[in-house]
Amino acid sequence: MSEAEQRRPLFHSERIAEIQSQTQRWQQSCLSEADRRQEGTYVTASGIPVKLLYTPADIADLDYEQDLGFPGQPPYVRGVYPNMYRGRPFTMRQLTGFGSPEDLNRRIKFMLEHGGTGVNILFDMPTIRGYDSDAPQAEGNVGQCGTSVDSIEDIAAIFQDIPIDKVSASIVTHLPSTTTIIFCMYLAMAQERGIDPNLLAGTTQDDFIMETAVGSAPEVIPPRHSFRLQCDAVEFIRQQAPRWNPISYNGYNLREAGTDAVQEVGVAIANAIATLEELIRRGNDVDFIAPRLSFFWDLCNDFFEEIAKCRASRRVWYKIMRDRFRAKNPRSYLMRFHVQTAGISLPAIEPHNNIVRSTIQGLAAILGGAQSLHIDSYDEAFSVPTEEAALVSLRAQQIIQAETNIMNTVDPLAGSYFVEYLTNEMERRIFDYVAEIERMGGLVAAVDKGWLHRQIAETAYKQQKAIESGEMKVVGVNFLRSEAASAQPIDVFCYPEDTEEKQRAKLKKLRQSRDNHRVRSCLEEVRRRCQTGENVMPAVLEAVKARATLGEIHGIYRDVFGLWQFPLI
Amino acid sequence: MPTQDKIKVIVAKLGLDIHWRGAVSVARLLRDAGMEVVYLGNQFPEAIVASALQEGADVVGLSTLSGNHLTLGPKVVRLLKEKGLDDVLVVIGGTIPARDFAPLKERGLDEVFGPNTPMEEIVHKITEGVRRKRGKAAASA
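For the record, the sequence lines run as chains D and Z.
Adding 119 to a residue's 1-based position in the first sequence gives its number in my numbering.
Adding 1035 to a residue's 1-based position in the second sequence gives its number in my numbering.
Think of the hints as simulated: they come from the structure by calculation, not from any bench.
Even for Gly, the Cβ is constructed at its ideal location relative to N, Cα and C.
Please note that a few of the clues may not be correct.
Rough simulated footprint, nothing fancy, chain D against chain Z, three-plus residues with beta-carbon under 8 Å [claimed, not checked]:
1. 1046 to 1056
2. 1086 to 1098
3. 1127 to 1133
4. 1143 to 1152
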């Protein structure tokens, strides 16, 4: 029997019919001609039409158990855990990264001393793209926009005195190629500190669309090789560190680059499907891999659409795991996600207003059931946050947790006619978008053809035009602009100036003091595995232990896999 | 009259900066404003200058959001001068703090566009800048 035949709608069909005719009468008698004319002109940020009023007739078919259920139970719309935030408050995980590893270590301690409950670190562009600090390509970027990492010694310095057996660490490696190296550095560092890998909790980003579509670069590894490294990392990390989330499907940066909420979730889910299919093909059980896959959403300004996105994505994931992958382990059904508020929504003009924008977005994340949160700082449009701005962001989270009482009950917006309607609509559109990607042969093929790049460029262009024309209002920028207020300067973070020099000196010393013969043979094993298709990670682990550098290992990837022409739009 | 020629712009992401949204959007909006635009994607300074020479660009537009503007921006200007391309207008945009505007201009960047610069202003300053450069070139010819 199909699901449709078993449905037990919450509302009686006669009552729905009555409400429909009452709604029509109300429209005729209470609304003005102008009100009626405007119907059909309002849409959400992703283009879903919004009516003036929602009633039970808009969710006439709602079956409570099948469509919503109970928290911690299928279809998980109401949340992934039974007691949600009463049992486990969302982790306050502020993203941090700049300068040298020692600089980052000090900022991490500052955030933890002020009540942060997780670590979340970001690297500079040379590290993310696999160049050592002394490479010509790194010029001008060392320690800018993130922290510089060249070797395991740098990872050890970042986590010096941080109790990594107790505090979970989100390591924003962005690319699969970088993840394979930096996770191995983290694992080897933990082993050298005598910490049991079974205790290591955290997340690496490891998303091939970051390598090949969301971020651009002069030298890019081809999509299918980047995807292969993504799967290598997931497989190896599942075997080595059972509490680690090996991947965080990055809807966030895709959204920031230029997509809407539907595309954001659709691409992430298409990537998760591709990952599972590949790892099952390699002989893994779906229920071994899936429980640790995690997701990362961008919460932008359209308040209810973002909440509906969070709720709908949990139901989409559950249905895919149940129907397509036939998963049995209930943990495989749980879509757990981190949220960062929308950097793209934060202008440089009247920057203090950004505290308000980010707080509203953070509130939506909690109403949407996020597991962890980063609230962007008001100085986002200028540089990485000052200590003061970072503290305001942490305080905003603490105020939501401690002062608003919103964590006392689970999924408080459930049952709202509008929110449930929007949740259904988001689900439908996400499934359609995933199907569109699959018709092209899956996400790797869609990226290889430049399709995703065109989607991003088109959305970004449309949104920019809407801002230029004033159709999309930004208070203080293109709407209610005040020249006096916009001229007020704020403190902007200054990067430490000596990072490049310090990192180069450390590298020189490292290359002199290590066993270079051992490094060479470890690197040869990495090369061999790249060529044969065996999982690269065991060889990378040995290489980083031997003090091979990030750039040396990444150089082998570029050499063996070759470079890909990033599609130009 | 050279001043009536279509303005030719090359737009490049500077070095390793990954954020391509702004560069691509501005490139398309410059095209909408009637300019001829070549989008190069990510390039290091040497390659950007080689393209400027090859394309006969009036304008080099650089985009960066990751803090390399003070190092690589002036490097592009220096390499252009070395190739004799003094009459090329060089503009840079992205997350550039206000305190860096003056140092960038001192080092030869013609215009600096911070976040939220209206497109109208970018188009106007590029058009004026090119007119100035072409005027100078015509005068010295």
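Quick rundown of the hints versus the structure:
1. 1046 to 1056: Since three or more residues must qualify, the claim that chain D covers the region 1046 to 1056 of chain Z holds, with 8 doing so at under 8 Å.
2. 1086 to 1098: violated (count 0)
3. 1127 to 1133: holds (count 3)
4. 1143 to 1152: holds (count 3)
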